[in-house]
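Visitor: Listed here are the chains, written in short residue letters.
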Amino acid sequence: MEKHLLMGDEAIAQAAIDAGISGVYAYPGTPSTEITEYIQKSEEAKEKNIRSSWATNEKTAMEGALGMSYAGKRSMVCMKHVGLNVAADAFVNSAITGANGGLVVVVADDPSMHSSQNEQDSRFFGKFAMIPVLEPHHQQEAYDMVHYAFDLSEVLKTPVLLRITTRLAHSRAGVAPRLITREQNELRLPEKLTQFVLLPSIARENYKTLIHNQEHFKKAALESGYNSYLKGNDKSLGIIATGIAYNYLQENYPNQEIPYPVLKIGQYPVPNEMLQEIYDECDELIVFEEGYPLIEEALRGSLNIGKNIKGRMDGTLAFDGELNPVKVGKALGFPEPEKRPLPDIVVPRPPALCAGCPHIDSYKAINEVIAKHYSKGRVFADIGCYTLGALPPYSAINTCVDMGASITMAKGAADAGLVPAIAVIGDSTFTHSGITGLIDAVNDGSNVTVFILDNDTTAMTGGQNSAAVGNRLEDIVRGVGVAEEHIRVIRPLKKFHEENIQVIEEELNYPGVSVIIPRRECIVVLDQRMRRKFKDKTQ
Amino acid sequence: MKKDIIISGVGGQGIVSMAAIIGTAALESGLNLKQSEVHGMSQRGGDVLSNLRYSDKPIASDLIPEGKADMIISIEPLEALRHLPRLSMEGWIITNTIPFNNIENYPDIDGIISEVRKIPNHILVDADTIAKDLNARRSTNVIILGAASEHLGFELAVLENAIIKLFEKKGSKVIDQNITAFYKGRELAHS
Ligand SMILES: Cc1ncc(C[n+]2csc(CCOP(=O)(O)OP(=O)(O)O)c2C)c(N)n1
Ligand code: SF4
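Chains A and B are the protein sequences, given in the same order. No gaps in the numbering here: position 319 of the first sequence is 319 in this note's numbering, and each next residue is one more. No gaps in the numbering here: position 137 of the second sequence is 137 in this note's numbering, and each next residue is one more.
Everything labelled a hint here was simulated from the structure, so no lab data went into it. Quantities reported herein were computed from a predicted structural model and do not represent experimental measurements. Among the hints, erroneous ones may be present.
[Stated by the list, open to error] 27 angstroms max Cα-Cα, derived DSSO-like pairs, lysine-lysine:
#: 1; chain 1: A; residue 1: K339; chain 2: B; residue 2: K3
#: 2; chain 1: B; residue 1: K132; chain 2: A; residue 2: K535
#: 3; chain 1: B; residue 1: K165; chain 2: A; residue 2: K533
#: 4; chain 1: A; residue 1: K3; chain 2: B; residue 2: K165
#: 5; chain 1: B; residue 1: K170; chain 2: B; residue 2: K132
#: 6; chain 1: A; residue 1: K339; chain 2: A; residue 2: K231
Whenever a hint applies, use it, and build me the whole structure from the sequences.
Guide: What follows is the structure in structure tokens.
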């Protein structure tokens, strides 16, 4: 079979197309973005009319996918791990409604926080929602698991969570797609038209079904082949390895068999009998999980009175950070490979705002006004390229917590007496979850000045379309009740610096809600646009 | 055959293309391949890293373990050193000598080069100047690839085909430029 060189993300996307999805719903977020981008660019997906444009946030994405499932068609929803926090209400309740058309939720975790605020482990979310979770260890398995996930979802009428991590998402390997692909489902409403009505009386019934289904989920995990017990002669140690951790384990035994029994995990909930078998057979256990200690904690229990369980909780492995072959090897007692130290001369090359970035001009102006009239420590920012304004030479912002938190935190601080309070938020983050906070501020007449940095794109994640830019932003701001005369659009350019300073001074002086929109295109996106234009002309 | 290669540089220097050329060569040779990218954020000028592994046996980890890389190929000298702990004690370091200086505290370049020279197996190439001479400024990465080519374990024709394949869509002029750049780099590795 012909193999294609695909990233984990791309393998998942191709699998979803081949498994007959009718739509993918997603909001960008590293390392999940390329799944949806692949489908957006796929000719095959276009021919099959698979809907794929970006959602405004992860919650609207999750609900869109759930609606498509209600209508009987297969849908996939993709996000990064913190996106699942945003989608959590819909996600957890989708376990109670169950699915109609196949529904697969792909969540990409980012252990070691390569580009995230935390390293939360989505398997816990799956456990919390009580739905099946799949965790592939290589790209081919990711491809195969998507097919399996849609089957499982339709047979057991449940959403299925596919959990990947950065390394799998962004690593390429040969993947053999299936030759026989599936047609999309026909429109087919749920048999019971009340299945998705979570009134308490119905929800209680549905919840009982979900509880009852746990046995089916475990049985599936026993039979699918994604969990397997590999025999080993040396029973002094038993190894449990989940997802990509299994690769790091194998890496330590090149061209040879692992001497210890190994329980390889790729599907949850893990059947008790599988854990029991390795526990009974071996003197002690070591658990390798990419993420928080889910299985380790379950095995060890609060009392820790059974056999010795090694892993992240007893310090055999660091609690934080992603695994790698050397960490796993060390935990197994292998000597560390000889290596050279990092020369002292090497300094970091931290990411910085691009030269010519519009955010630079905005920060210069904001900094100048604050220095002139106020004290430091009053700028509540958000997540995007502009978060880099936290670093020198700008040192312009004081918070960055979660998407949308700029406006609401500025409001809370203003309520507490820190006035004027300033919020800084990008266009995409504003539509993602800034609008509701702005309504709160308007309703309370809080003394906040909100900068919506309109660079015409979702720059941080690679320049995806933003839900509302340009005039639409003013329309939204006006619509939620900000007074017309306090909606100010400025051009963040050096030549307008003095003018901009004046606008900012005026609005910071106003003791209510003002919105300033610095508007200029991201230069990376501008550059790409120009190149495309040039290419079109020369072709 | 098994090779573990770290490719490094700064965003925009063509790391992804270089990895793609070597990757294509590996696939065309019927080898197993894993290629993992650590692309930082979308801003320009951050450090970029690719882990490239190919072998006639199955490959387990997407990441190259520390102390195990056969080679560091870098389009930027500071970035070549950044990943030194990954290099095996017998490994090769093949790097451009011209810095990409976008940070205030960029270290003394002579100091960097003398650190590279401490690695017994090193190849230093001033790829920027050659690219300028060849009037092919965007081919710095391919010159470095040429300098590394002898250690990649492929027939020359396989690499040449991979270059052609990558630049196919850009027309014969770009292909020729890059093939010339490749051989120039290869020649310089010997001088
Ligand atoms: C809940 C959540 N979803 C997605 C992300 C990933 N993410 C980080 S910043 C960003 C968008 C930034 O776009 P914008 O606000 O327009 O600012 P820009 O980067 O364009 O300056 C995204 C999608 C995240 N951190 N959290
Ligand atoms: S990518 Fe765009 S928004 Fe981000 S720093 Fe560069 S110019 Fe600014």
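Visitor: Checking against the hints above, which ones are violated?
Guide: Checked against the structure, the only hint that fails is number 6, while the rest are satisfied.
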